[in-house]
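Under our numbering, the residues of the sequence shown are numbered 263 to 534, in order.
It should be emphasised that the hints constitute simulated quantities derived from the structure, not laboratory data.
One thing to keep in mind: the hints can contain errors.
[Claimed, not checked] Below, computed lysine to aspartate or glutamate pairings styled on EDC-like, alpha-carbon distance capped at 16 Å:
1) 361 / 284
2) 361 / 377
3) 392 / 326
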Amino acid sequence: MGLTMEKDYIEYFTNNREEFQESLLNEARNVRGKIEEILLIGNIDLLSNAHKLVMYTIQGKDSELEAFAKIEGVSWASHSLTLAFKLEWVQAIRRTIWKYLQEFNKENHLEVEAEVFFYTEREVNDRIDKFLNGLFLSYSEYKDQLIESQKALVENLSVPIIPITATVCVLPLIGNLDTYRTDTIEEKVLLEICRLRIGTLVIDLSGIAQMETEVIERLMKVIEGANMMGCECVITGLRPEIVRKITSLGLTFESKAETKATLQQALEDYLR
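All chains should be built: construct the whole structure from the sequences, respecting the hints.
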């Protein structure tokens, strides 16, 4: 349901659209210089969208306002535009709406009753607030989904299982190994052994400079789990400092996996 004088307000705001926009830009000084930039970055027309928000608010189109907020949230999030900037813009729209409602009353010599004023105040501000809430939720949901997809991508890149033959795969590990990453390695290794029917998994550690005790123990469990699924493991590229750490702990790969000096040596053996 729209405002009490919906049709008159729509006509007034439409006829004074250019003046409204200029007044709006004066309210949001930080936004004025960004209008064209945002249009280029995200194809987001701030002034056109401001008019749309005003019309939905005056007409009481709550479902359209809700859908518009979701679209705006995704657009804003997908182009990494800040919520603080958007909040400044919407609050400027709110203030400008009230300025022009006051101008309308003055030009038409209207004495607004208290009941009508408070009804209008509640309807306008509630709809602007609902728009902001919907936009923030949509923005946050999009960002959360983006973070999850990026996390999954990073996890896949951190555990790159590369098929060499129908039954032989290589897992080259590079960088730091921590407990979180070894948990990810264990999960993906076991899934890929089942999915690809891997008979031999060559784990190359030449890109790992050091490993903590807990990481070594978890890597042993990864190998044990692979063995339980009928997959033989071959360890290559062990550095001297890691070997010393393993032996100092009284551990050994011998009963769990074959070891080779280099990945090249292992591949030559399996590709003959």
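Verification of the supplied hints:
1. Using a Cα cut-off of 16 Å, the hinted pair residue 361 and residue 284 holds, with the two alpha carbons roughly 13 Å apart.
2. As the CA atoms of residue 361 and residue 377 are separated by approximately 19 Å, the hinted pair breaks the 16 Å bound.
3. Pair hint residue 392 plus residue 326 holds up; C-alpha atoms about 12 Å apart against a cutoff of 16 Å.
Consistency with the previously given hints fails for number 2 only.
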